[in-house]
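Number of protein chains: 2
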Amino acid sequence: MAPTPASEKGKVDCLVVGSGPAGLMMANWLSRLGVKTRIIDKRGTKIFNGQADGLQSRTLEIMDSFGFAHRVWRESNHMLEINLWNPDPQGNLFRSDKIPDTIPNISRFQQVVLHQGRIERFFLDSIAEYSDIRVERGVLPETMDFDESKAEDNDAYPIKVQLRHLSEEEATPKQSATSANGAAMQDGLFRSNLSGDDSEDLLNMSRLNDKAGSTETLEAKYVVGCDGAHSWVRSWCGFSLRGEQTDYVWGVLDIIPITDFPDIRMRCAIHSASSGSLMIIPRENKLVRLYIQLTTTEKIGSEGTRIDRSKINPDVILGSAQRILHPYKLTYRYCDWWTGYQIGQRVGDDFSLRERIFLAGDAVHTHSPKAGQGMNVSMQDTYNLGWKIGAVINGTCDRTILKTYQSERRRIAQNLIDFDHRFSRMFSGRPAKDVMDEEGISMAEFKDAFEKGNMFASGLAVDYGKSMIVAKEGSAEDQGDGTEVMGSSGADQGAHSNQSLATGIKLGMRMPSFKVLNQSDARPWHLQELLKSNGRWRVIVFAGNILNPNQMRRIEHLGAQFNSLESFIRRYTPDSQPIDGVIEVLAIHSSSRKSVDVFALPAIFRPFSPTEGWDYAKICVDDESYHEGHGEAYKNYGIDHEKGCAVIVRPDQYVSWVGEVDDYAMMDRFFAGCLQKQKKPHIGSIDAPERMFGGKDTSQKVDSTAADIEVMEGTVDGGPNAAL
Amino acid sequence: MAPTPASEKGKVDCLVVGSGPAGLMMANWLSRLGVKTRIIDKRGTKIFNGQADGLQSRTLEIMDSFGFAHRVWRESNHMLEINLWNPDPQGNLFRSDKIPDTIPNISRFQQVVLHQGRIERFFLDSIAEYSDIRVERGVLPETMDFDESKAEDNDAYPIKVQLRHLSEEEATPKQSATSANGAAMQDGLFRSNLSGDDSEDLLNMSRLNDKAGSTETLEAKYVVGCDGAHSWVRSWCGFSLRGEQTDYVWGVLDIIPITDFPDIRMRCAIHSASSGSLMIIPRENKLVRLYIQLTTTEKIGSEGTRIDRSKINPDVILGSAQRILHPYKLTYRYCDWWTGYQIGQRVGDDFSLRERIFLAGDAVHTHSPKAGQGMNVSMQDTYNLGWKIGAVINGTCDRTILKTYQSERRRIAQNLIDFDHRFSRMFSGRPAKDVMDEEGISMAEFKDAFEKGNMFASGLAVDYGKSMIVAKEGSAEDQGDGTEVMGSSGADQGAHSNQSLATGIKLGMRMPSFKVLNQSDARPWHLQELLKSNGRWRVIVFAGNILNPNQMRRIEHLGAQFNSLESFIRRYTPDSQPIDGVIEVLAIHSSSRKSVDVFALPAIFRPFSPTEGWDYAKICVDDESYHEGHGEAYKNYGIDHEKGCAVIVRPDQYVSWVGEVDDYAMMDRFFAGCLQKQKKPHIGSIDAPERMFGGKDTSQKVDSTAADIEVMEGTVDGGPNAAL
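Sequence order for the protein chains is A and B.
All residue numbers for the first sequence refer to my numbering, where the first residue is 16 and numbers rise by one.
All residue numbers for the second sequence refer to my numbering, where the first residue is 16 and numbers rise by one.
Be aware that a few hints might be false.
Negatives, chain A to chain B, calculated, CB over 10 Å [said to hold, decoys possible]:
no., residue
1, H93
2, D116
3, R280
4, E453
5, H572
6, D612
Using 30 Å as the maximum straight-line C-alpha spacing, the simulated BS3-like pairs for lysine-lysine come out as follows [said to hold, decoys possible]:
no., chain 1, residue 1, chain 2, residue 2
7, A, K609, B, K467
8, B, K326, B, K547
9, B, K609, A, K344
Hint data in this document are derived by calculation from the structure and do not stem from the laboratory.
Cβ atoms here follow ideal geometry from the backbone N, Cα and C, with glycine treated the same way.
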């Protein structure tokens, strides 16, 4: 299924190394942007169980922007409440607190848990639906060559990679060939976890050996290393991770628990008096994941050294869990997966080499898994990078935009590591016996950290710094990681925002979502549902009260500027694309829905197609719905109902600019700082032919044959009820 | 893919003739109930476009009970508002009213529109997921033989059917081979409407000719004729439809409209002054369906005779629409499908022959399509029938239950025809010029009829009469169609309900749905989501305030009765099934969620499994959720918060009985009237072994090896972040 036969030399725009969540997110973006891509993985199959499982609210929002969050939402376990259990003064466990797991009202999605294998399945299906890109398994980069002199040449393929095809045996991870406790591996049971839609993967694996041992050389414009904590791409670049390894040792069990502990279907953080700590993460299909601290009784490695793997097995881990949970009973008959690990927190110094070779995910940050952040931050790395590489390859953005990847994501990685360090220390520590016990961890402090951590853990606290794509006040260097990200426009020539016009829409943060109604059919949509990840920038025009003639004049003037032949919309949109192909204009007005119709607004808000008529999808209203209440979008966004405002949103839903609704000049300045002027700009009409509907025909390009009716099919034999 | 090779004689429990929506719903039920089934259709492929498209709220609820409503909800167009357009005194069109399309708060789903081909696709996928049943296309019943003397013998196969396999040419409907307006049929464009997941269907079609011309004889316990208005099964039975044909002639266009009519994305009912009426039904993928009255100008047939089909074509239909919509403009470039029809309303006298051969869908009722009811009522026919046939075949219910199919559904069909007759007359009639114009239709009256019709059109007004499966007051004969449906229990020995204990849960109507929280994980569920269509009866115990010791004693006593070896639950459940296999007990209490845990309630509400521990899915609470508000279930159901009540719900979600929460005797009497006592009743324990958790081990059947741990797999090499 690879676009190029394995035996041939070939060229690709982008080579993605590794098909875990970070690699799949990258390929997924590129599938939407029409970028010629290959994605390889040294493993022979995708993951079927175990591994990471926590998904943040923000990750679900992102998946929804690609159209598959609903699959996760249906299959996953939803995390709604955290129960804290602590020792009382006599050392007996009691439930000290119940707190919400996801903070109410920060997202339309709550944190959920679903094993990584299903997540990967949804990505694979999504990629296949939109492109010919397929993960090539059992394929490994052997050598790489990078001609740095061509790094800044947009059309060059400066990277040569030699790929090697493995045999089925080479491509099979060790843990599925042997069992850690010496018993024979139960492969049949292992595979019985498969969903029906995974069977093709297994069939493909048996075909690996056809190509085993062959090599090929590939030329690439970009390489993205999503190849994990032991990244080959990172090693090749000579980059390293910095951080530390602690001496806390943890075990993980994925089991169907048999227990009388009453909160087994809740996320629980349990500190025992002296047997260590335990975290319960209830999962899909009756499974529960337990993170279990292996205390000094089983302490296997000495301080500062690595643990002795051979001494960790499910019996040892379960024994620890039973001691922590005492007097509650815990056992199991079914164990889906288990592992052991030592906590370490590390971040990479460099996220890219000359903005041609990039690193993402575990390749640049590792940390403990208990907070459920790892898979999310990894996916969000490439969610940040994907559209930027796509835009450079497709000629919409200048290469300088790629510098924002490191400045934005390295900062996030550092935040993550700091969070994890603080959280792990408190969770692994012994609970304080009383206020005088200074070595112990205060349970009140722990609860406080947990609650504060929730905002971070939702993924919604991400706040990108000032750059050529975020028109914020302050210092770009301070707000990022020091990388120069103001591009050619420079800080002084850059656009300026007026945050006070939309106090609920924070510059640098993701666009919050509230319900608005489509003007034409009254259907409520979460605003984010209109911001699909398809590579488009959006200008969201909060048009205010368009029944006020003064306000309406502002909107009409703005519409005329958008539609003029010199407008930034036309300038940055190639003639080959529809008028909304690079910058999509959306309108949300605050007048009553029933008092106006779509024709009240200028044509740019409802561009005309000679084959499909007016576009009814782009004009919305902040009004009461019939069945889903009132979204109160203006109020929630902190926007004046009368005067409105305008917002520029990046292709990844982060907010670039906020300003006056008709501040066309500032919008123009913003886009000049990051978009590329097209050689053949868009000059087509967006209005209906005058003789049809009285619209102004602004160009000669409109097909004049709208009245030539084609009948595609028909029948009079039978019909809705064959009652003729 | 047929369970039996075509050349062999075979036996099946149920043969379904016809694979439209009614036939597919039947096969879908049987796929869940493990009934040996074949489903045949004379057509070579499923429908790809056109045909019926409206889906009621109730139909979506039913689809959700089978797990695929979300696919419809995502792809469909949602119908939210009806706009009425009428002539003003000068005869000019104006929008006279906007009314909600689905009445707010009657269902969690609103009416939607999606073409029948997609609906059929979702059924096919659903059937394939749960069974080996596959639609056999290009297969026709040729002759049938019914030995009536064996009709009441449960084990007999009294029906012999000879099936004939058609060639591809024979199985291809005429309208896809020729075009109605004389131009060549654009098959390529026709097929370009296919979704990716339909391609296998087309491949299968090319395999038809392997079996062409061969015949086979099949013995069946039951035959269900879902073979449309011209039903072969109905003809064989000698049954007919009664009703009338009017002289109103209508055309249908499925187009992407190019228009300046402002409400084109709303459902509209448009009465022009003298050019006839038009209904707009906006659909998925920018399509709009127009139902267009062809007025006297084009009147083709004379009164009382059939129309001349050759004179109806898209130009004629569009011309009518343009005159009705004047002064608004309407044209199109893309037409997906079109047809013409004359309104007729007819209902069958008999819905079954000796409760062995059944008829459903268009085979027993036809009417006009504009109200979007046809596909819904057809599917709901077999939704009513499927579980009953399944229960009789599986030995849970007596054959007498099958009589309730005709008594319940024939009444609905008659209601539908009455509704359609009234609605069609008002919609087809000329609008009154003023109050003195008695021949014209009053537009105020029309609006009123539209609003009242909305409840009917939602599918939620269905109210089944008194019978052995609905413990209602009154006369079973009067409330049904005259069929005897009290079974062996008779009216006097039957169970009696106390409707006043739950004023919002109407006997004979579908169980309404409000949100409740799972006690164990605080997740909100719509109550209906717990009532999956899997053949189980439910006793829903609204347990009231279980913190009140008196109330708790009632619940404990009830739990002990449910769990006794003589209980109706054990008596009607075969030993081979789990304890909840025939009657599932659910609890919804009204105490605060945080004040109790699942162990507060008796074991029957959380039956123990030696391999999976306690069942956490069956105990819910009416309390505030973190993210989705408070369902206020007790309030909405009209149930006392302290004392609660109990409700028996049929496998199809209709309400059988309402009574005191601990009225075990009446529940027992109810089930005695319809369920079959098992030869080997269920005697297994539902409690945990005493030595494990201190539970009472009520039988010797519990496996005592719960502590024998099986490790299914594991790894210490890698792990959540390979940080070891």
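So, going through the hints one by one against the coordinates:
no., hint, verdict
1, H93, "violated (5 Å)"
2, D116, "violated (8 Å)"
3, R280, "violated (4 Å)"
4, E453, "holds (30 Å)"
5, H572, "holds (23 Å)"
6, D612, "violated (4 Å)"
7, A:K609 with B:K467, "holds (23 Å)"
8, B:K326 with B:K547, "violated (49 Å)"
9, B:K609 with A:K344, "holds (22 Å)"
The structure does not agree with the numbered hints 1, 2, 3, 6 and 8 stated previously, though it agrees with the rest.
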